[in-house]
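Enquirer: If you want the building blocks of each chain, they are given just below.
There are 2 protein chains.
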Amino acid sequence: MEDQQTRTSAIMEAIRQRIATRALVSGDRLPSIRQFAKIMQASPSTIVQAYDRLVAEGVIASRQGSGFYVKGRALPPLSLVGANTPAARAVDPFWVSRQSLDSDPTVLKPGCGWLPTDWMPNEALRKAFRTVARGKGNILSDYGSTTGALRLRRLLTSQFSEEGLDISPDQVLLTGSGTQAVDLICRLLVRRGDTVLVDDPCYFNFQALLKAHEIRIVGVPYTATGPDTEAFERIVLQEKPRLYITNSALHNPTGATLSPQTAFRLLSTAAASGVLIVEDDIFADFEIAPSPRLAVMEGLEHVIRIGSFSKTLSASVRCGYIAARKDLIEGLIDLQVATSFGGPSPVITEVIADVLEGGSYRKHMLEIKRRLEKSRKTVIRKLETLGISPWTVPKAGFYLWCRFPDGQDSTDIALRSMADKIIHAPGNVFSVSQSASSFMRFNVTQCEDERVFRSLEMMLT
Amino acid sequence: MEDQQTRTSAIMEAIRQRIATRALVSGDRLPSIRQFAKIMQASPSTIVQAYDRLVAEGVIASRQGSGFYVKGRALPPLSLVGANTPAARAVDPFWVSRQSLDSDPTVLKPGCGWLPTDWMPNEALRKAFRTVARGKGNILSDYGSTTGALRLRRLLTSQFSEEGLDISPDQVLLTGSGTQAVDLICRLLVRRGDTVLVDDPCYFNFQALLKAHEIRIVGVPYTATGPDTEAFERIVLQEKPRLYITNSALHNPTGATLSPQTAFRLLSTAAASGVLIVEDDIFADFEIAPSPRLAVMEGLEHVIRIGSFSKTLSASVRCGYIAARKDLIEGLIDLQVATSFGGPSPVITEVIADVLEGGSYRKHMLEIKRRLEKSRKTVIRKLETLGISPWTVPKAGFYLWCRFPDGQDSTDIALRSMADKIIHAPGNVFSVSQSASSFMRFNVTQCEDERVFRSLEMMLT
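Protein chains in written order, with UniProt numbering: chain U, 1 to 461; chain W, 1 to 461.
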């Protein structure tokens, strides 16, 4: 059954390809069933099925008694379809995102922010989808509640409770993704022209997001133990920001971890000035030993905790969360209703809860952490032979924030690497002050192909 | 295997319930395995499993040699969990959304905007999820491309082509939902303080969404053949709006359909003034015969077409789309990257494409249309015996926009119906001018329970 589907799809793709490359144009007659079955080494019934489905799609049409013909203008040439990723645009946060998200599978992506498919818990996901497939109809087709499934919110609060943060599930709002969590928070709390602080360097999409809100972005210099707290205090006094967005554990892009002293000072400044801290905890599950968390130290008075399952569980089964004061959650619910009509998909939240509860997830993450440790070491060694060295050696996770030898510009290297079909994340897309031109963020899990290092070697000599 | 899971979950739920109702409080010892197995008529191994999972969740803890105890503050009482839906707030668009989305299954919802679970194509969805469960790993765990799956975009452009709108798949952007489609468009094209036109009455969440953008909302009086075109022209000249958001086919809430004359006049005014029209086509698949479409008549010069699969296929498998000029799509892609990081979930788009291509979907929709026709007639008859009459008799779909007998206020009726566990959608939540206090929108598919009519009868006498 499945093989038949695959064969039919292959035939359909072959015909689409011919139309896309103009080997077949509008009005052309397709080969006869028998003829095409021979050419494609397929059974006539497969060809019939492929033709029928292309008719249903409006790509071809049948004319009584005279076979099948290519219809007009139904499909654009493939070159047009692929034109969505402008290679020529400025190397900004969007450049990295769009290159990484839209590149074809032959492209290497040491610059991307996720694990390769075969590192993900796909067997657990398959099992969870089978369970959903035979589960209740309302999970399959109904809207989600405005806050998202109670089952998953309970799992989160239990996890928080283990860390020492005791909150109730109604202080947790499930969102479409971690990015949408930050977006909703900005919509609720910040207005155009307000100031928001981020780390310098920080996750590049924070900048893209804040720019979409037309918010003034100010960077706080980042050290190997978290943001520079003196600079933070000074900037808070000067700029009167509404929010400060940061990662506590396994900071993106540096992989650094907040020290308890830094955490305490940040919280003191926040409490004194009324700044709210958005603590993005998306890399939490990669930690070997848990590091200080602002939300755990302080509670949720001046901290909003967000996270998602995209890095560890699945980025296709997408869902994020916000843990915050009840008054903020109330406002966020209304905003999510207005802009998404309800919480995230019941199917998605059910699958995530199934995987988290399934028992194999913990084992999977242990294995991932073991692989990551090995992978980080290997990549550090290989980069160091090229004179590229990590700014700090992260305790866990998959990022390395590395400095290039003197005089090398990472944006220039990223642009030249396109020709080698390699997508890098150059330092300045992470830096508000544009002061990271000699840095590059490497994702160690995406560096398994030797071409990454061979290409860098060529660039550097 | 599955039964075992169900039994374990039932035991867990029973314990949670006891904690929630304070029958068991923090520090209490749980019954012994043997004792509780007897009480629950379950096997000891089921109890062991349930206790183990509750330990993993942090709800209970085991103490060496002395059994299991309830942990502190891990779970709030259920009354708190349910407190998310404030019954006492103003009857505004959020009131209807939150009441409908969050009410428990015993509540009747003639005011909601979707079909009951058993009207949805759940068998086709189950099949599609089984296919996904045995499909490629990248569908299960990778991020989606920035525009969303080409396969689904191709299905959409083929469908458009059948209607006479020939565009290429790179003029289609898949989004998280229909609501997110409107939201992205507003983010791209409208700034705070700008004016946007909607129909009066219109889908209530358009107002909630525009308010979230702090946009000035102006209503265009709606007639049984579409918006009043003279009023539209006058308001466009006066207000210089950036956008006009409307439904062409099966307008929400009235169920009315645009006439070709109205469509032509709207497009002429739009072309002369530069106003962009957002045509929300979410109810398209319910039509018996296709009615005029602005995007088909004009192309995508002044029209942006949006839609989703939430009403006909699944609201859990959520996905929307935007068809627009290529220059607008480019801007929308960046915005979606910034605010959602990538397009909708590959799992979701794969399931939708599978269902649409699966063959059973067309048959399902034919059956739904047949059921709807019958249902509309029955509900109209029952409402008319109460003196409640439809403003227009829709050609298709599931909405009836009805006028109450003289002097009856539908907001008042909606509030009083809460005591009968019935959620209504009173006229004024749809009306910018608040001039629809004698109207109510009924969803005929949610009126199968006689209590809806008995309750209304009591209210009206």
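Hints were generated in silico from the structure; no laboratory data involved.
Quantities reported herein were computed from a predicted structural model and do not represent experimental measurements.
Hints should not be assumed to be uniformly reliable.
Since copy identity is lost for identical chains, a pair holds within one copy or between any two.
Distance condition first, Cα-Cα at most 30 angstroms in a straight line; then the derived BS3-like pairs of lysine-lysine [stated by the list, open to error]:
#1 K326 x K211
#2 K211 x K240
#3 K377 x K326
#4 K38 x K382
#5 K136 x K363
Enquirer: When no copy is specified for K211 and K240, does a C-alpha distance of 30 angstroms or less occur within a copy, between copies, both, or neither?
Expert: Classified as both; 18 angstroms inside a copy, 27 angstroms across copies.
Enquirer: With 30 angstroms as the alpha-carbon cut-off, assign the pair K38 and K382 to within, between, both or neither.
Expert: For K38 and K382, neither the intra-copy (50 angstroms) nor the inter-copy (62 angstroms) Cα distance is at most 30 angstroms.
Enquirer: Check K136 against K363 for me: Cα-Cα at most 30 angstroms, and say if that holds within a copy, between copies, both or neither.
Expert: For K136 and K363, the Cα distance is within 30 angstroms both inside one copy (28 angstroms) and across copies (22 angstroms).
Enquirer: Is it within, between, both, or neither for K377 and K326, if the alpha carbons may be no more than 30 angstroms apart?
Expert: neither (43 angstroms within a copy, 45 angstroms between copies)
Enquirer: Should K326 paired with K211 be assigned to within, between, both, or neither, using CA atoms and 30 angstroms as the limit?
Expert: So K326 and K211 pass the 30 angstroms test inside a copy (28 angstroms) and across (22 angstroms) alike.
Violated hints, in rising order: 3 and 4; the structure is consistent with all others.
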